[in-house]
Amino acid sequence: MWREAKSAAQGETPKGGRQTGNHLLVRSGELVCALPLGAVRRVVRALPVHPLPGAGPALRGLAEFAGEPLPVLDLSRLVGAPPGAQSSYPVTVVVWAGPVDARETVGLAADAALAVAEVSPGALVGGDGALVRGEAAIGGQVVRVLDLEALGRDR
Amino acid sequence: MIHDDGRRIHQALLGLLLLAGLVVSGLVLLTLAEAGGAASWPFNLFLLVSLAAGGFYYRVIYRLQQNLRERVEGTGRRHGAVERVLADTLDRLRAGDLVHCADQARSLPGRLATAFSTATNALDVLAQQIQSSSIEIASAANSVNQIASELAAGSSEQATSVVQITAAMEELARTASQIAENAATQAELAQNAERSGNVGLAAVEEAVLGVEDVKKRITSIASRAETLGTRSREIYRVLDLITEIAQETHILSLNAAIEAAAAGEHGRRFSVVADEVRRLAQRSQESVESVRNLLNEFADSIRATIVATEEGSQEAARVLERGRAAATAIEELGETSSDTARVAREISLTTQQQNAASDEVVLTLKEVSHVVQRMADSLQQFSGTADRLNRLGLDIQMGAQSFHLDSPHSLKHLAEIWATVVRRRLGNWEAIERLLEDLVHQKPYVECLYFFDGKGSQVALTVNRHVVGDREVPPAVKAGEGFGERIWYKSATREGRTILTPLFESLLSGDPIFTAATPIYERGELVGVLGLDVNVDSWAKI
Amino acid sequence: MTGGGYLLLRRGGSLWGIANSAVTDLARQGDGAYRIATAGDDPATLVADEVLGVVRELRVWPNVSVLRCFWPEPLAGLAVHDAMPVIVVDPGRPPQALQGRGGA
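Residue numbers (our numbering), protein chains in the order written: chain A, -16 to 138; chain B, 233 to 774; chain C, 60 to 163.
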């Protein structure tokens, strides 16, 4: 995990070794997803969740973050990532999801937060037109770039 | 006659002597008278007395003597007749014919007949008693013989058994000696084993002590390893803490980068700080990884050491247990060896005692064997004595059978009765043969019954198959060849009465037999001899 | 901010809140559960495992569109009480979990 973060950071580090970027790279299962940095509110250690009765597998449950109720979604199920090794430090990425005018604070349960990286829109390929904007090569591996504004749309 | 002559001479001599005496006396008296001039009246008296004496002699003595002589001559004549009868009777008595003797004695004068009858009856009874006694003797002899034979057989068996027992005892003695030797060897081996066991026990105990010491050292090492393990686990916790801090720092750096991005241009310097923080966290994490790797190796070593010490401790415990078990076993073996040695010594001593006892038994058995053998020899002699007794009984029987008794056990009486029956069938040889066939089976002791006419021309002969079995009668015997020269024929014809032969060899069986034979007369002429043979083996059945 | 207070319930391991003004009756059943009757155009009877009490003030976040994409239950919003997330119930459309099914 750390080596991936390092290589990803080195691949995108401009001069002076300083990291800059517009996406947060997180690992979920076997996939690395890129979340728009502007939609990321905070990265925290995995929050305790309270499952909701009758909820689907993508909804882990409800948590509390900074005094606010936080629905927590399973990022690997959202993107269909194959299950990977158990994470030693799972995280919850608190993001703003949904349309800009009706954003909701949602938590995304991931296996690890890797690094901040630059993803140019032109480098994207693929995409399902919904949550997955496309895929890009970052640090020698394929990263799935997500569109959090589409989260919750058309489900 | 001579006696009468003698009596007359005697009387004459007596008269002459008396006359001579008177003459001499007269002469003497006359002489004396003449010489002495005495008176002649003594001479006259003498003459008177002489005349008186002479007259007395004639009337009394001479006449008396004449009467007596006549009486004596009459008595002598009567005595002569009695003497003849007596002689004949005594002759029959001599021949043992008590039956005819009794008949003859009836013609003797009263008291003599009575005395003879009494004597012949007494003799008859005695002879029969002797016969019975001889048979009892024979029976007793046979019983004695049988008993002696049984005893001899038993003694032989006993002697054989004694020999077998002696051999067994000698074998037992040899086995006991071997056992004693083995026991002594076993005792020595047990003692050696005991000594070896003590040495082994000391070695095992020393080894146990050594292993216990090793176990203690291993325990100490394990304790130190455990301490190291505890320390490493503490280090792991610190590393985990550092890792967590590094991860928190990493998250913090990411959040700082997020805030910096949100701050736009104003957050650039903050993003640099965040980047530095992120690298710091990364280096920390890398250091932690390095330390963790080293610590993993150290922990592996510690674990290996702990495992090794545990295994060593377990092995030491097992070795200790086995050592203690070995020590216990050696102790038990030592005790067993001691017991074995003690038992072996006892066995050796016991077998030696048994050996001595066996030797005594063997000696005793040998003496018993000798005694038994002597007893067997004595019994054989006893059996011989019984045979002689049997023979004596036979001799007595034959002696008794020499008497013709009015008894069914008298052979002579039987022969004469059968002769009487045969006489009635004279001239009919077939009838005689049938008669003999019937008669011979009436007496189980008669081997053969035959009638020989004496002229050598005809003989009727039959054998008792119950006595002779399936033996074939020789043709010569059937034909009566040589019968005229046989002892029974000659004795019977010579004596003219029933006789009993001594023992001689049978022409039929070759066994010793004796024969009762009686001559048969017809109008004073010999017409044949009836003989019955008795096998000595059957004489006791008479 | 919604006023009037809320009745806090626990059901199925989650905290639920319902406007206190909508509650007409509260009773305990024989099995230990609670029966809450609501008023309104469509009265309903809710079942709870535990009744925690009434809170006077409860900040409700009504915008739960994303949540409802993954949990299509009618609710008035979400809140936090005592660092615990609370599901605020629409009294007129109570969720199935509070209607006697899917208890603790």
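By construction, these hints were calculated from the structure, which means they are not laboratory data. Remember, it's a predicted structure, so these values are computed and weren't measured experimentally. Virtual Cβ for every residue (Gly too), placed ideally from N, Cα, C. There may be inaccurate statements among the hints.
What follows is a list of derived Cβ distance ranges for each label pair [as the list claims (entries may be wrong)]:
id	chain 1	residue 1	chain 2	residue 2	range
1	C	Pro102	A	Ala106	52 to 60 Å
2	B	Glu518	A	Asp111	36 to 44 Å
3	C	Ser124	B	Val470	40 to 48 Å
4	B	Glu518	A	Pro66	45 to 53 Å
5	C	Pro121	B	Asp532	39 to 47 Å
6	A	Gly109	B	Val470	44 to 52 Å
7	A	Pro66	B	Glu529	41 to 49 Å
8	C	Pro121	A	Gly109	47 to 55 Å
Each hint, compared with the structure:
1. Hint check: C/Pro102 to A/Ala106, Cβ distance near 58 Å, so the stated range 52 to 60 Å holds.
2. For B/Glu518 and A/Asp111, the Cβ-Cβ distance of about 37 Å falls inside the hinted range of 36 to 44 Å, so the restraint holds.
3. The hinted window of 40 to 48 Å between C/Ser124 and B/Val470 holds, with their beta carbons roughly 46 Å apart.
4. Here the CB-CB span from B/Glu518 to A/Pro66 is close to 27 Å, at odds with the stated 45 to 53 Å.
5. Our hint of 39 to 47 Å for C/Pro121 and B/Asp532 is violated, since their Cβ atoms are close to 57 Å apart.
6. Look at A/Gly109 against B/Val470: about 45 Å separates their beta carbons, and that is inside 44 to 52 Å.
7. Restraint check, A/Pro66 to B/Glu529: a C-beta distance of roughly 31 Å breaks the suggested window 41 to 49 Å.
8. Under the hint 47 to 55 Å, the C-beta atoms of C/Pro121 and A/Gly109, about 36 Å apart, miss the expected range.
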